[in-house]
Structure formats: structure tokens, C-alpha cells
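Those protein sequence lines, which keep their order, are chains A and B.
According to our numbering, the first sequence is numbered sequentially starting from 1.
According to our numbering, the second sequence is numbered sequentially starting from 1.
Be aware that one or more of the hints could be misleading.
Claimed, not checked - What the simulated footprint calls covered on chain A by chain B, stretch by stretch (three residues with Cβ under 8 Å from a Cβ of chain B suffice, anywhere in the stretch; the number is not a length): (1) 17-29; (2) 43-52; (3) 94-102; (4) 156-163; (5) 203-212.
No lab work stands behind these hints, which were simulated from the structure alone.
Even glycine gets a Cβ: it sits at the ideal position worked out from N, Cα and C.
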Amino acid sequence: MRTQVGIVGAGPAGLMLSHLLHQRGIESVVVDVKTREDIEETIKAGVLEQGTVDLMCQTGVGDRMRRDGFVHHGINLAFSGAIHRVDLFELSGGRSVTVYPQHEVLKDLIARRLADSGDVRFGVSETTVDGLDGDRPTVSFLDGGQRQQLECDFVAGCDGSQTYTRFLIPEGTIRTDFFRQYPFAWFGILAEAPPSSDELIYAHSDRGFALISTRSPMSMCSTGRSAPATRPRTAACWRPTRRPCCGGSGGHSTSPGG
Amino acid sequence: MTSMLHRFSEATDFDLRRQIAELETVTSSPAGARLLAENYTGLPLT
Numbered sequence: 001m002r003t004q005v006g007i008v009g010a011g012p013a014g015l016m017l018s019h020l021l022h023q024r025g026i027e028s029v030v031v032d033v034k035t036r037e038d039i040e041e042t043i044k045a046g047v048l049e050q051g052t053v054d055l056m057c058q059t060g061v062g063d064r065m066r067r068d069g070f071v072h073h074g075i076n077l078a079f080s081g082a083i084h085r086v087d088l089f090e091l092s093g094g095r096s097v098t099v100y101p102q103h104e105v106l107k108d109l110i111a112r113r114l115a116d117s118g119d120v121r122f123g124v125s126e127t128t129v130d131g132l133d134g135d136r137p138t139v140s141f142l143d144g145g146q147r148q149q150l151e152c153d154f155v156a157g158c159d160g161s162q163t164y165t166r167f168l169i170p171e172g173t174i175r176t177d178f179f180r181q182y183p184f185a186w187f188g189i190l191a192e193a194p195p196s197s198d199e200l201i202y203a204h205s206d207r208g209f210a211l212i213s214t215r216s217p218m219s220m221c222s223t224g225r226s227a228p229a230t231r232p233r234t235a236a237c238w239r240p241t242r243r244p245c246c247g248g249s250g251g252h253s254t255s256p257g258g
Numbered sequence: 001m002t003s004m005l006h007r008f009s010e011a012t013d014f015d016l017r018r019q020i021a022e023l024e025t026v027t028s029s030p031a032g033a034r035l036l037a038e039n040y041t042g043l044p045l046t
């Protein structure tokens with residue numbers, strides 16, 4: 001098999017990249033170890049920045065988000081016994097964030113890629129990327145028990161914070177990691193309950209950080225607070241290179257709350 | 001947001017007061033609040 005761009009990972013970065021390439025007449029194949037059901041049902045982040053909202057609307061995948069998403073014009077910071085609202089909309093010259101869960105974004109992107117006859121392979125296994133030194137890198141994987149080899153002009157690693165592809169780029173010469181491991185993890189509670197607040201509340205206290213967030217305007221509400229690390233989360237950021245290149249959390253990931 | 005809001009186990013009382021001062025800056029100074037708002041709603045990709 002041949003394609004122009006082999007994309008490892010059907011998350012927001014990989015699917016959006018495939019969608020954008022398609023709109024510019026460039027073909028791609030997306031592979032992911034997870035099934036479509038897993039991808040569409042795993043609860044992840046819930047808030048989209050303005051740039052993501054604009055990109056989705058401009059490229060024709062924003063209809064459901066515009067209809068079902070909930071635009072937040074402000075956030076609240078609680079510290080020293082008081083709550084302070086920050087008016088994002090007013091202060092940023094009309095920008096805001098939209099509460100629209102990541103798995104809903106993924107449903108929209110998958111539906112659109114498939115409607116556009118895009119090649120997305122779910123539930124593959126044993127994915128490897130080879131030939132990165134030359135002009136014909138390959139992505140190999142098992143699909144339905146069959147070993148497939150995909151010859152590509154470029155490979156994009158969009159395989160999340162537990163990335164495999166990032167570490168295929170030689171360290172020191174063309175890859176430089178900027179890495180910080182936080183000494184705590186986050187514990188989240190997802191509840192189906194009326195929202196506790198119209199807008200998010202970030203709380204600083206002697207006992208640590210707590211956040212009241214929301215996943216939908218109707219009924220879901222989640223809270224989280226930091227706890228001593230049992231499995232530390234990490235944040236990393238590095239310079240992209242030519243081929244392969246990495247995107248999404250494979251390239252840059254940070255904590256809930258930014 | 002992470003470094004401003006979390007309690008780091010190695011943080012001294014000085015660090016804690018500096019954290020509170022930063023929270024006060026981004027909520028009571030128009031320039032500070034604007035900096036937070038611009039970052040929170042997302043900086044341009046390029």
C-alpha cells in the first residue's frame with residue numbers, strides 16, 4: 001500500500017490532520033490500536049480553545065459543536081477565601097472557550113473522514129514505523145490478522161502522551177525534549193448532576209488544587225483535585241522535525257487545567 | 001495554571017505567598033487578567 005501521509009493515532013490531532021490534508025488534496029491513512037467504539041466513548045478533555053473552535057467551523061466539522069457546545073465567557077479563580085471571576089471574552093477582545101467534550105469532537109471528525117471516503121483503520125495492532133532515515137518511511141501493522149505495510153512520503157506521529165513515535169526521532173540532533181514531571185496526579189470524579197456552577201471554578205487551597213468543571217451544559221459535572229503522585233503525570237514539549245513529525249499530545253501534553 | 005494553583009510539597013511559605021500574589025495579579029490587575037484571558041482562550045498556533 002502507498003499513501004502520501006501515514007498517520008499513527010486517530011485522536012484529535014491525527015484525525016484533524018487527515019481532514020485538513022484531504023481538503024488540500026493530499027491523501028493519508030490513519031491507524032489506531034483502539035476500536036472506533038473505544039475512541040468515541042472514552043471521556044477525556046472537555047474544553048476547546050477559540051482556535052480549535054474556529055478551525056472546526058472553518059473546515060466544516062463544527063455544526064454539532066455549534067449546536068450542542070456551551071460557550072463560556074469567563075472562569076472563576078478561588079483563593080484566600082474569595083472567588084474572583086475573570087471575564088475572558090471582554091479581556092481577550094471577544095474570544096472564549098467552548099465546553100464540548102473531546103470524544104464528541106472525535107465522533108464528528110471520524111464521521112466526516114468516513115463520509116469523505118477517508119481511510120481510517122481502527123483496532124490495528126503491532127504498529128511499527130521504519131525507514132525514517134530515507135525518503136520512504138513505512139508504517140506496518142496488523143489489520144484483521146493481516147500484516148499491512150504502508151509506504152509513505154511522510155509519517156505523522158499523533159499517538160498521544162504515551163507516544164511511541166516521538167522516541168523514533170533521534171534525540172540530541174533533531175529532537176530536543178523539554179520535560180517536567182509534576183510530583184502529583186489528578187483524581188477526577190464524573191457525576192451526572194446539575195452543574196454546580198455556570199462557569200469553571202479553579203480553587204487554590206492549603207490542601208491542594210481543586211477544579212469544578214463540566215462536560216455538557218445539560219447535566220454532567222466533574223470535579224477533580226490533586227493528590228500525591230502514585231503515577232506521576234508529565235508535561236513535555238519539543239521542536240517538530242521534518243519526517244516524521246509529531247502532533248497533539250505526542251508532541252506536547254500538559255496537565256488538566258493547562 | 002498548574003504552577004499557579006497547585007500546592008507543591010517542596011514549596012516554602014515564601015513560594016506560597018508568591019503564588020497568592022500571582023493569583024491576585026491575574027484577577028485584580030487588568031494587564032494580568034488580560035494575559036491570563038489571552039492564554040486561556042488560546043494563543044495563535046503560528
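Mind taking a look at whether chain B covers the region 43-52 of chain A? Criterion is 3 or more residues with CB to CB distance under 8 Å.
holds (count 4)
Mind checking, does the region 203-212 of chain A have 3 or more residues with a CB under 8 Å from chain B?
holds (count 7)
Given as covered by chain B, does the region 17-29 of chain A meet the bar of three residues or more with CB within less than 8 Å?
With 0 residues close enough to chain B, the hint is violated.
Count the residues of the region 156-163 of chain A whose Cβ falls closer than 8 Å to any Cβ of chain B, and tell me whether that reaches three.
Violated - the region 156-163 of chain A has 0 residues with a Cβ nearer than 8 Å to chain B, which falls short of three.
Tell me whether the statement that chain B covers the region 94-102 of chain A is true, taking a Cβ distance below 8 Å and needing three residues at minimum.
holds (count 3)
The earlier numbered hints that this structure contradicts are 1 and 4.
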